[in-house]
Amino acid sequence: MTADGCGAPAGGVSAPAAAGSQAVVEGKVTRDGAAVSTGYARLLGTGDEFVAEVPLGDDGGFRFFAAPGSWTLRVLAPGGLRAERSVQADYGQVTTVQVAI
Amino acid sequence: MSRSDVLVDADWAEAHIGDPHVVIVEVDEDTSAYDKGHIPTAVKIDWKKDLQDPVRRDFVDKTGFEALLSERGISNDDTVLLYGGNNNWFAAYAYWYFRLYGHDKVLLLDGGRKKWELDSRELSTDVPKRTRTSYTAREQDRSLRALRDEVIDAIGKRNLVDVRSPDEFTGRLLAPAHLPQEQAQRAGHIPTARNVPWSKAANEDGTFRSDDELRRLYEGEAGLDFGKDTIAYCRIGERSAHTWFVLHELLGLPNVKNYDGSWTEYGSLVGVPIELGEAR
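For the record, the sequence lines run as chains X and D. Using the numbering used here, count along the first sequence one by one with no gaps and you end on 101. Using the numbering used here, count along the second sequence one by one with no gaps and you end on 280.
These are computed hints drawn from the structure, not numbers from a lab. No residue lacks a Cβ here, since even glycine has one placed at the ideal position from N, Cα and C. Some hints here could point you the wrong way.
Claimed, not checked - So the derived list for chain X, only partly shown, Cβ under 7 Å to chain D, looks like this:
| no. | residue |
| --- | --- |
| 1 | 38 |
| 2 | 50 |
| 3 | 51 |
| 4 | 52 |
| 5 | 67 |
| 6 | 69 |
One chain only, chain X, in its complex shape:
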C-alpha cells in the first residue's frame, strides 16, 4: 500500500490491523466455506453514498479505514453475487465482518 496513493491497496488483508486511533472495518468473504478471491467490497454511507471500494484479496479479505459511524458494506462478485451488511465503526476499534455469499 502506498502512503500517498488515493487508490486501492494491494488486494486483501496481509496482517492484522492495529486500529490505533483509526476506525477499521475488515473481514473476509466466503462462498460455501471457500474464500472468494475475485470480487469487490464497497463501503457506503447514508443513502447509498459511495465511500470506498477495495478488491478482495486471495483470502477473500478486505479492510477499510473509515470515519466513526454507521456504514453499509456491500460485496459484489462474479455471477451477479452480492451481499450487504450494516457495520458500525469507532476510533480505536477493529470491526470484523464475515460475509458469506
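We have chain X already, so just place chain D on it with the hints.
Frame of chain X, contents of chain D only:
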C-alpha cells in the same frame, strides 16, 4: 469528440484482442492485480514507478514518456486501449497523460478491470513480448493541466470541482476510507469549490453514467456553470483525472484542466485560503 470516440465496452475490447493496431494497457497502483491475471495481450504500466518522476514530485517528462512507450512496444500509430482497477482511476489518469503528451488514438475501457472481472471474462497470466518501438511524444499540452498558482487565481472565478468524498471535502478525513489517515497536511477544500465525488459519475460496475445523467449531475445538481472554464482536483490527481475524462472527453466541455498537485499540494501550502464544512 463524442463518447464513442473515447470509450469502448468490453465486447469491443474482446474483439480487438490480438489486433496488431491496438495495444491494450492495464494501469494500476496495485500491479499485483496484473500479475494475478489481465486481459489477454495486455501490457502493464505502473502509475507510480512508470509515470512518476522518481525524485521530484512531478510526472515523467517527455523523454521519460517516450522511453516508457518505446520500451512497452507502443508506437505513435497504435490505438491504445487503457483499463485498470479502482473504477479506472489510474487508467483515466494514464489517459490524461497520453493526451497530455499528444497521443490522440487513446481509448478507455468502460468499467475497466472491475466490470471485466464481474462479467467473468477471460484473464491471462501470460506476459506479452512486444517489439521495442521508437516513440515520439509531443510537448506537454498545458491546456489540460493546472498548476497551483492558476488554481489559487481561479478561486471564485472558474468552476472548481473537488471530486473527493464528502468526508474529505468537509475536512473530517484526510484520505479515502480504505487508506490509513496518516497524512499531515491541513484538511478541508479550496474555497468556492463544489463537491462532486468522482463516484457519482460511475455506476456500481464501474461504467460511466449516461451523458444525460452526467449533465444533470454537474450542471443541475452541483450548479457548475458550463460556460466557465473548469479545474478538477482530488488528493493526488487521479480521481480528478476520472472527472476530467467525464467533463472534457465525454461531455465535451472545452476548457477543463486537471490539477494533479491536488489536495496533497494545496493543503500543504502556506498562506492559502481553506474552507471547512459544506460548500458555501
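A quick look at each hint next to the structure:
With a least beta-carbon distance of about 6 Å to chain D, the hint placing residue 38(X) at the interface is held under the 7 Å criterion. Taken as an interface hint, residue 50(X) checks out: its beta carbon lies about 4 Å from the nearest beta carbon of chain D, inside 7 Å. With its C-beta approaching chain D no nearer than about 5 Å, residue 51(X) sits inside the 7 Å limit, and its interface hint holds. Taken as an interface hint, residue 52(X) checks out: its beta carbon lies about 4 Å from the nearest beta carbon of chain D, inside 7 Å.
For residue 67(X), the interface hint holds, the least distance from its beta-carbon to any beta-carbon of chain D being 5 Å, beneath 7 Å. Here the hint on residue 69(X) is broken, as its CB sits about 9 Å from the closest CB of chain D, past 7 Å.
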